[in-house]
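Residues per chain are reported as follows:
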Amino acid sequence: MEPFVVLLPLFGALLAMPIGRMVSARAAELTTIAFVLMACLIAWVLFFDVAVGHNARTIQLFTWIGSGNFIADWAVKLDTMSVIMLVVITSVSSLVHIYSVGYMHDDASRPRFFAYLSLFTFAMLTLVTADNFIQLFFGWEGVGLASYLLIGFYHHKKSANDAAIKAFVVNRVGDFGFALGIMAIFFIFGSVGFEEVFQAVRTDAVVTPFNAADGAPISELTVGFLGLELHALTLIGILLFIGAMGKSAQFFLHTWLPDAMEGPTPVSALIHAATMVTAGVFLVCRCSIIYENAPDAATLVTFIGATTAFFAATVGLLQDDIKKVIAYSTCSQLGYMFFAAGVGSYGAAMFHLFTHAFFKALLFLGAGSVIHAVHHEQDMKKMGGVRHILPFTYAMMIIGTIAITGVGFPFLYDIFHFPVGTAGFASKDAIIEAAYAAGTEGRTGAYYAFAMGLIAAVFTSFYSWRLIFLTFHGKSRAPDHVMKHPHFPPNWMLLPLAVLAFGALFAGMLGYKSFVGDKAASFWGNSIYIAGDAHAGGESHAVEAYAAEATPPVEGDHAETPAIASAEDPAGAAHDEAEEHTEGYGEEGEGHHFPLWVLYAPLLAMLIGFGTAFAHYMRGSDPLRPGLLREGGILYSFLKNKWYVDEVYRFLFLNPSRRLGRILWKIGDGRIIDGLGPDGLSGLAGFGSRLIVRLQSGYIYHYAFAMLVGIGVILLIVRLGGAQ
Amino acid sequence: MQLGDNISFAFPEIWLAISAMALLMIGVFIDSKYHRFISFGAIFSIFVALFLVNFGTASENASLFNGAFVTDGFGQFSKSVIYVAAIFAIILSDRFMERERLARFEYPVLILLSVLGMSLMVASTDLISVYMGIELQSLALYILATFNRDSRRSTEAGLKYFVLGALSSGLMLYGMSLIYGFTGATTFEAIAAGADEANRIGLIFGMVFLISGLSFKVSAAPFHMWTPDVYEGSPTPVTAFFAAAPKFAAMAIFARVLVEAFPAATDALSDWQQVIVLVSILSMVVGAFSAIAQKNIKRLMAYSSIGHMGYALMGLAAGTSQGISSVLVYMTIYLIMTIGTFACILMMRRPEGMAENISDLSGLSQTRPGLAIMFSALMFSLAGIPIFLGFFAKLYVFMAAVNAGLFVLVVVGALSSVIATYYYLRVVKIIWMDEPAPEFERDAGPGVKGVAILSTVLIVAGIVVIMPFLNIAAEAAAATLF
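As they're listed, the protein sequences go chains A and B. Heads up: the first sequence begins at 1 in UniProt numbering, then just goes up one per residue. Heads up: the second sequence begins at 1 in UniProt numbering, then just goes up one per residue.
Isolated chain A, as found in the complex (with noise of 0.2 Å):
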């Protein structure tokens, strides 16, 4: 059964274009949309099966490379973490098939648009199922291509194209790192099985590298890279994360997230919010055991994930584009995942990837809505009251920003012992805690993550209800027939909405015990690090908990712990006796005790950017001519061009290459190469062709001279040569 969670949506991807050939375009669609939900119906069942029952495993299916000590299966691996990632990736992918069949009613091909969305789906699965970092990076390239081909989907539109390529060029530089990475570990470890490597990580075992003589313990480990000795586990930690930026949109390599959303919208929700750029995320998170022994690269995750979430929202402050704004949205969030996992939360990080699941693809789908209502019409300056046309979208479009502006209720977390509110509400106030209480252990960045974090909720709410306020509030400033007739969205659009909107109110309140509360170790199992201890001699107690998965939890003075966990999940039992020792982030009056204004200032933050974004734009007399942030001031300019990222690269990278491309192609390529090469030599021959047929004069004398003079030079030449 298990292998068929992956495979059903490429049965559906394949089957999708004969399908849509010779039956019709709907047969498609139901076909892949059959498949995917049954994939989601078995990845809902692995999750209670694996993640609720404690029964973690892997299949293995074939050995895909074999060469030496190389060696890649196709592998089906089983543990909390894939799990939870089956889950969010079928549901959302489920809800979009859905979803498209209303959205895309109108367009010709949609067995290829099917196709693709089952194609992305069975490459993303593969990623988060693989047991090795060749078949992780398999899924990961599979869907960059998969995101390419959708980005491009409308392939008549320069802009469509353009932006695909962009996508895939940025990513080809964090795919680049990412290889790195890939080739550091197996040059370090001599594997690229996940088991072997972090194995070796946590029982700090001796490793010797392929040209080193000998060997050393991991932890002190160095290497050389680009002339430079460095650690080796942080030149892998930071060589990973370069490919996790480029495929999560971190800042530097962001720009191709805002771009991709010429994609069509459901595929905007699907991969550029729900799933694929949290690749990255799950990569940091999956390699968790790395990065806790190598501070250096954590601080940078931390750091650059902080800048990230400040970033992308001061940017998505301005945007236009509806759905520029949410893509903003996305980058920044997705900033938020990467400091809690560099703060070392990494349950946290997971916390946030699966409720923002749900409350981002409900605001694409949200969004989506709005377009097609309004005539694919995507600028906000030309909507404006929509919510009379769009009742129900809009109600959802509520809910999905009151999720991810983080409306809660903190002071109910006494009586309930979770907190109360919205899914962005659990989520994100746990990783700003998270950040504070790492910042209070003395973690590099930690406080620097929780200063941006606050910011960034203040930006978070302006611009979600902004959005709101421009998109569904005031008078109509769209074109009189679009107001009068709107496309309504069918039931196949509202359907997948009201499941979304559930999951973005209460997935945060479901979630909070088992991602980031008391049941956290158990929960995780050993897929991910758990903080415990880790910050105070945490390492030597990693060693000994996994010490303790070869033995039954019964040695010394840990014999004595209750076991939650069966004997199959003895490691899970020795976190469980962890946890009694420092508890989870956010628990007030167990653990950490917070200062009251860190646990108010979420919401505080909440608060100040609604009430900024209602004073501009609702009770303003025109809602275009905001006080703040008026055009033409340099803040205005900074923001409206993204900090002039786009040009900065421009002027470093893209203009330097083509300058390089020219030279290369017309000199060295042109002149070089093809005149000393292909072009020279055929010269050379029609030259010499020339000459000889000159000599082909066509008199009798000419031929009897050069048949005498023939017979002069062989004598000459056969007289030097018989002398020797």
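Mixed in with the good hints there might be a few duds.
[Said to hold, decoys possible] Derived DEER-like restraints, expressed as beta-carbon distance ranges:
1) K157(A) / K429(B): 34 to 40 Å
2) M433(B) / W64(A): 40 to 46 Å
3) P386(B) / S24(A): 46 to 52 Å
4) L681(A) / F482(B): 37 to 43 Å
5) V411(B) / A108(A): 57 to 63 Å
6) M399(B) / L660(A): 33 to 39 Å
7) H105(A) / G370(B): 50 to 56 Å
8) K429(B) / W64(A): 40 to 46 Å
9) P468(B) / W64(A): 48 to 54 Å
10) G670(A) / F482(B): 37 to 43 Å
11) M17(A) / P369(B): 31 to 37 Å
By construction, these hints were calculated from the structure, which means they are not laboratory data. Backbone N, C-alpha and C fix where the C-beta goes; we use that ideal spot for every residue, glycine too.
Could you slot chain B onto chain A? The hints should help.
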């Protein structure tokens, strides 16, 4: 040994001589409209000779006429190939000669006579009989070249051929006289025995002149200059004959003279090897470069044959049994390709006359797809592209040359074959990609069509159909020289 015993070994040649004269007499007396009867007679007579060579006493090994004439495996193989080529040449002439108003009974008779000359030539083991054979075939060929005596081009071609041929004969005779002067012998065996360090230089001079004369016959550079003019000027079936049987015969006697009269045992190998290497390189280069500029398909084929002779000489330069075997394989395959190509060229006829320009082939794939496919397969094969027979021909000579350590020669051969590929592929490109030219007439006759189809089939399927047998036969034939 009695004369009566000896004579039975020469039955094929005697039969050819008698039937040639008989057909000549018959031809004089019957009406000219029965010229086809003479053609059939000639074909029949060559068939009989072919039979005699392979199944009569002539198939046994013997040496007769005081060592001037020999019957051995090498001669048997060469004669068989020459006879078959001659038969095809007569078949190819059938419809063409009528339409060009050249249908005269002398044509098959002259071919018979030249075949007789070649037959004698390849069986010679004495300088005198070599010269006699060569002259007998050449004289017939000179006349054949001028066969269209009302055409200025044809007569000019014949005259050039004759004058230059006379010059080459003179050079060859001079070389033979030097060899005789220094060794006091004319039979190959005695020459080999008589060579020593004292007369080495004199022998080398004689050998170089002899090689020059033979190079003229195989049209190897720098004695090749007559070839394009004669190929272009002669009537096309004659050109086809020129390109096939005489080339083979000359190459065969070339090999026999060098291997038997100047064997490796006397250190003479190193002397003639460098000459052959030089001639081979020159021929390949001239063949490759000159053909690029050609517009006339017959001239193209002339340069192509010069280049191919260079490759065949590469095998000869190896000087080993493997080398000679590769020469025989190469020449046989070349014969198939060249006869096939000329059969195709003979189909290039428009109402206003024969089309001879490469540009006339434009878009042939649209007007005559069958002909286009045959033409293309033959061009690929001539270029030496794998699975076609021409590739294996080149492969064997290259292998022989590599085994003999002639690496420079092999490198030059490979490079010039790259250049040569250009003009063969250009023909293919013109056939398949250019705008169609007016269509050719379709009445080339069953003979020409049959020959074209047969050679194309052999070229394409040759790797299974003839390659295994050809290899064994050529190796056996080459072995008899050593």
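Hint check:
no.: 1; hint: K157(A) / K429(B): 34 to 40 Å; in the structure: 39 Å, holds
no.: 2; hint: M433(B) / W64(A): 40 to 46 Å; in the structure: 44 Å, holds
no.: 3; hint: P386(B) / S24(A): 46 to 52 Å; in the structure: 48 Å, holds
no.: 4; hint: L681(A) / F482(B): 37 to 43 Å; in the structure: 41 Å, holds
no.: 5; hint: V411(B) / A108(A): 57 to 63 Å; in the structure: 58 Å, holds
no.: 6; hint: M399(B) / L660(A): 33 to 39 Å; in the structure: 47 Å, violated
no.: 7; hint: H105(A) / G370(B): 50 to 56 Å; in the structure: 54 Å, holds
no.: 8; hint: K429(B) / W64(A): 40 to 46 Å; in the structure: 44 Å, holds
no.: 9; hint: P468(B) / W64(A): 48 to 54 Å; in the structure: 43 Å, violated
no.: 10; hint: G670(A) / F482(B): 37 to 43 Å; in the structure: 55 Å, violated
no.: 11; hint: M17(A) / P369(B): 31 to 37 Å; in the structure: 35 Å, holds
When the structure is compared with the earlier hints, violations turn up for hints 6, 9 and 10 and for no others.
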